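Taken in order, these protein sequences are the chains called Y and V.
Note that the first sequence covers residues 1 to 224 in the numbering used here.
Note that the second sequence covers residues 1001 to 1219 in the numbering used here.
Please keep in mind that the hints were generated in silico from the structure rather than gathered at the bench.
Just so we're clear, the structure is a prediction, and the values are computed from it rather than from any experiment.
Any given hint might turn out to be false.
[To be verified] Lysine-lysine pairs mimicking DSSO-like chemistry, simulated, CA-CA at most 27 Å apart:
| # | chain 1 | residue 1 | chain 2 | residue 2 |
| --- | --- | --- | --- | --- |
| 1 | V | K1125 | V | K1038 |
| 2 | Y | K123 | Y | K61 |
| 3 | V | K1004 | Y | K61 |
| 4 | Y | K123 | V | K1004 |
| 5 | Y | K67 | V | K1004 |
| 6 | V | K1125 | V | K1045 |
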Amino acid sequence: MMKTLWNDFFKGIWRENPTLVLLLGMCPTLALTSKAVNGLGMGAATTAVLVGSNLVISLLKNLIPNKVRIPIYIVVIATFVTIVDLCMQAYAPESLYNALGIFIPLIVVNCIVLGRAEAFAAKNTVIRSAFDGLGMGAGFTLSLTVFGCIREFLSTGGIFGVTLVPGWNFMLPALAPGGFILLGALLAGMNYLNERKAVKAGRLYVPPQGMDCRHCRICSIDEK
Amino acid sequence: MNLKNTSNPLLLGLILCVVGVAAAGILAWFDGVTAKPKAEAKIRKLEQSLGRVLPENAQVGRSVTVDGVAFYAATVDGAPAGYAASGSTTKGYGGRIEALVGISPDGAVLTVAGGRAAVLVTEQKETPGLGTNVCNRTAVKTLATVFNGSETSGMPANRVLDSFGGISVSDVPLTIVKDGGRIEFVTGATVSSRAMTDLVDNVLTVYRDNRLRIEEATK
């Protein structure tokens, strides 16, 4: 039991990392990570929404008819996003809310949240879904923060607003094109590590099955 | 009870309706819970930025909006100490820029703690690394300041914003050095520099043309 829960949590951090392996939620990944602290804030907000929506959807999974499940998921997710938005307006530091403000409502359409609701929460128990949400959220937060650190260091010579290389100023990594280039490099590095690990174990590296577009049922609502 | 495979349209509609009403109810309740902290955060934010562009110990009194510029009257020990004017321009590289400008009663940009000009940008969407260098007052933190905990008073420096110090209504129209004026600019961010100049120019012009009206309205 504990092993299953640990596995549900840990898979989101590396093996099925939402941004680096599943490639879901690319919009906040590219738009917000010009600073490390923004990535951390967005990751925390998304984690809160993920855990909340996973909990509620797995709790109600037997009461949600298949034919109207997508609108119901969206309503549940939107409710949690609005709650997070209200909380941030009331309690978050002003500078963080200014930086993330317009992206918080967009968590509603972040594919990770709907993807986990559909692929995991609708089929599994409440506790497992909560751990899945936590793990996916942690993986998302971790990759956004690491990506933010890299971009902030390359553009301003510092991390979390602390200057490490005085006088360094290089615009490209903080802008969208630099974000794409660095994301590509990061994905290549991730694939390289996974492939090398697989080769050492004498296997062929295969990305997680059942996670890519062909296996997701969201686009094929009328089937079944 | 398992409703997974139900296809009765009335039941489907009913379930959607119940979910929608429940979500609306939860949000209405939560909005009520956070209403007070939200309003407090908003006031705190305004007070914080007003305090930074006004002289120390200034009390903020009544406000009036003239031609899109909001003037907050300030007093020190009962004597008028000037205004914090909230102006905006749409000429920025990323569109709208909003800033607070502290001005003295005779219409000059105030100089506040640390010798900084009382200009503070409150909203902007300029290019990171170029236009933001014109608008943002960012404190430079290094490992040394983090570990030694250095005390900084007042606002961090900004070459462009600080060059507004002492500029008064008699200097209008304002232009940047590149255009033959007195305001500093950042190479590569001329548009943002010109926009900031336009913003302060607009605030000073509105104050010059409506001085009596503003004084009357904020008494």
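*Take a quick look at whether K123 of chain Y and K61 of chain Y sit within 27 Å of each other, Cα to Cα.*
holds, 8 Å
Pair hint outcome, K1125 of chain V versus K1045 of chain V [Cα-Cα no greater than 27 Å]: holds, 19 Å
Would the pair K1125 of chain V and K1038 of chain V pass a check requiring their Cα atoms to be no farther apart than 27 Å? holds, 24 Å
27 Å limit on alpha-carbon distance, applied to hinted pair K1004 of chain V and K61 of chain Y
holds, 8 Å
**Prompt:** K123 of chain Y and K1004 of chain V: Cα distance at most 27 Å?
**Reply:** holds, 12 Å
*Is the straight-line distance between the alpha-carbon of K67 of chain Y and that of K1004 of chain V 27 Å or less?*
holds, 8 Å
Violated hints for the displayed structure: none, as all numbered hints are satisfied.
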